[in-house]
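For reference, the chains in residue letters:
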Amino acid sequence: MTEITPAADKLSRRRFFSGSAAVAGAGGLVLGAAGGVAVADAAAPAPVSEADRLAERASLTYPFYGEHQGGIETPPQDHLVITAFDVTALTAVELQLVLAKWSAAMSELTAGSPVGKVQPEREHGIPVDTGEATDMGPQGLTLTLGFGPSLFDGRFGLEKFKPMDFADLPAMAGESLDPAFTGGDLCIQACANDPQVAYHAVRNLARMARTSVRTKWTVLGFGRASAGAEQATPRNLMGFKDGTRNIQEAADFSDQVWVGEEAGQPWMVGGSYLVARKIHMLIETWDEDPIGDQQSIFGRTKKEGAPLTGTKEHDVPDFHAVQAGGTAKEPIIAANSHIALAAHENNNGTKILRRGYNFTDGLDSVGRLDAGLMFLSFQRSPEQFVALQRKLGKSDRLNEYIRHVGSGVFAVPAGLPAAGSYYGKEFFA
Amino acid sequence: MISFAPRSFRSAAPAVLAGMAVLTLSLSACGSAATTDNAANALKGGAATVSNGAAQIAVSVEKVDGEDACVPEFTSAPAGPVTFTIANKDASAVSEVELLSDKRILGERENVIPGLKSVSFTVTLTGGEYQLYCPGASKEYQPFTVTGAAASAAANGVSDLLKQGTDGYAKYVSGQVDSLVLAAAALQAAVDSGDVTASQKAYAEARPFFERIEPVAESFPDLDPALDLRVADVEPGTEWTGFHPLEKDLFEAKAITASSKALAAGIVKNVATLKTLTAELETNASYKPEELANGASGLLEEVQSSKITGEEEAYSKLDLVDFAANIEGSQQAFEYLKPALNEIDATLTKQISGQFETVNTALDGYKDANALGGFKAYTDELKKSDAAKLTALIQSLQAPLAKIAEKVATV
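From first to last, the protein sequence lines stand for chains A and B. For the first sequence, our numbering gives the first residue as 1, with consecutive numbering after it. For the second sequence, our numbering gives the first residue as 1, with consecutive numbering after it.
Only chain A is shown next, with the shape it has when bound in the complex:
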């Protein structure tokens, strides 16, 4: 699992809560208010105050360098900004510069540092960092970079670096994709416990690459709609718990999430594939659907989130149990309910790591709430998602209330080993 480290080891550069060695288990440390100085008192551990808790949350960092990129195995943070870009640069050298700049900047941002001067010393200097995250702390920020299939077309001579069978997702039932929310040569997923920190990161990365990339689409997500290890299961905007049976075990990560040699690309070993689907929910009609129908559509109860064959959220659903009485022997969890269609038991063991977020964006063009799920999943092969979605798109009863309006698939390279390396370095050797 990803190791959580306090930001304190690099505080000299971070100016955040100077002196704080916060993070769980920092007993004996009393943290001052913002900007204050920690006072060690080994004799009498003080109770954790609300201010301490917030400070701890703000100073949370995840290591940037490592075997895998952050933002995959990382327990989902509270907020998301995901942005896809098209490369407008015409030469491989410009693309190389973008990837090298981004990699260096990402290591700074995830440590809670600005990407350059917020307030340059010279009067005519242009601020390098836009400044809105100053003094906010790293907030558990992770930045995850992915390459779209289109990056490997002929423009930059990267054809031979394309992972095996990596292509745009095939057309599937249940989608009406808007080109404005589909595709992209590159994508960045920013997740943090504060939305402004996530936004600042993507904004500054986009800004430093403005002459070479163009933002294609972006979605702001909230209310993490998936659970990581030891996290309570959150709810999607339909009011149901989402991610109850999500991948958590190390064995599942190796089998189902991390790419091995099969992609035929060394840079993908330890990487993953990100599938992004912007799913518009027809919330108003859903809200008027009777509870019995809502529960049978999902196959779970609404408040507890228990499978209809059980009483507790984490009870294993029994897809063979049939309703008492009658002659039809109808299963209690309908075969076309969402959990029955998606369950690994019914899909040859296929699992995906869901890491989605709820989104809302005001009203749509016909006056309905423009809201839904920014579905994000990581898997060893996009085929895992495609197989599941083919089934869901064909028969999921939920389809009456959702539309897939945006889509993207990205090859997420393995993590960077250390400073001095950058994503895609192999492409430019």
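By construction, these hints were calculated from the structure, which means they are not laboratory data. Each hint can be trusted.
A few chain A positions that, by computed beta-carbon distances, are all more than 12 Å from chain B:
hint, residue
1, D135
2, F161
3, A171
4, G228
5, T233
6, S254
7, D287
8, K329
9, I339
10, N347
11, V386
12, R403
Straight-line distance between alpha carbons at most 27 Å, and here's what the computed DSSO-like set of lysine-lysine pairs gives:
hint, chain 1, residue 1, chain 2, residue 2
13, A, K216, B, K384
14, A, K117, B, K63
15, B, K117, A, K162
16, A, K425, B, K63
17, B, K383, A, K216
18, B, K117, A, K425
19, B, K89, B, K350
20, A, K117, B, K103
21, A, K117, B, K139
22, B, K117, A, K117
23, B, K248, B, K367
24, A, K425, B, K89
C-beta: ideal position from N, C-alpha, C; glycine also.
Start from chain A and add chain B according to the hints.
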């Protein structure tokens, strides 16, 4: 290419844009000197040796005891050309290195990024104290000493080039204002004759002269509002004057009234005042390099905030005419700074030239010889289909262009 205004001032002007080659950004880094791990070698101290006609200073940007640091191989060099070759090993907080004399940038390289090959710049230095500036490093300023007398006058080359640039730009502005005086007189004559079609044409012909030098006009706080205020910016209770109420008469009402004639006369009067003021600026050599740079960037701000939105020429739909004029004025200011900027940061200079070329090529696609002002009318449909593309285009130019003011600043 964009058509250019009369250029009687040209004798003193540096090479202007026509025929500019397509320039692609290149990491001139590729294939240059190898990285030197200076921290490991320990500082040699003393003065650098001279080879290839220049003192060679390798600067390693790297983590030293966990802190991002800039480590020069030598802290001193003999007077004359000095080449700084910089490689970033693993210090992700540092992305540029500059050589300063007092606060002035003599030479610099951006994109000093971990993992990329080394980059270099060469400056000619006279004896004295300088600073190596590495923004983001734990120790940002380090002294650098040059010993001996000036080898030549080349050390003052950048200042001379900047002076030539501001002088040239002053003449350019005066030339534009001279043309504006004539165009305003023609506009007044057309309006006075009551011929709406001829007046529309004269309006379209006059606008670019103003739009090219708008930052200069804006520097006179009363004059710009008197000439160029849009209806949305008119304070309730104050009189709306200048080009845009006349535009409304000519393109919306399509009728010339006594008030239209008064507006045209007002434009002529205010343009005459502008001529007096800009002539003084030229005579007194008042332009500063950073003003040219900020003006060049400011014109792109204008393009984004009022032309691409279609607010500038709401009645005539001539926004693309103004757009092209803003770009041209911006490029002119840049071109006058270019010889000096090229000495300071050749890579950035090339990048900006390339972006101007891209914008100009895109603008060519909107030309229409039969349309007023030579460009397609910026209709709601065109705005809907093309505005986002145009915004991205201008932002890609403004991002590097905004950086030049501090590089050429004389303070």
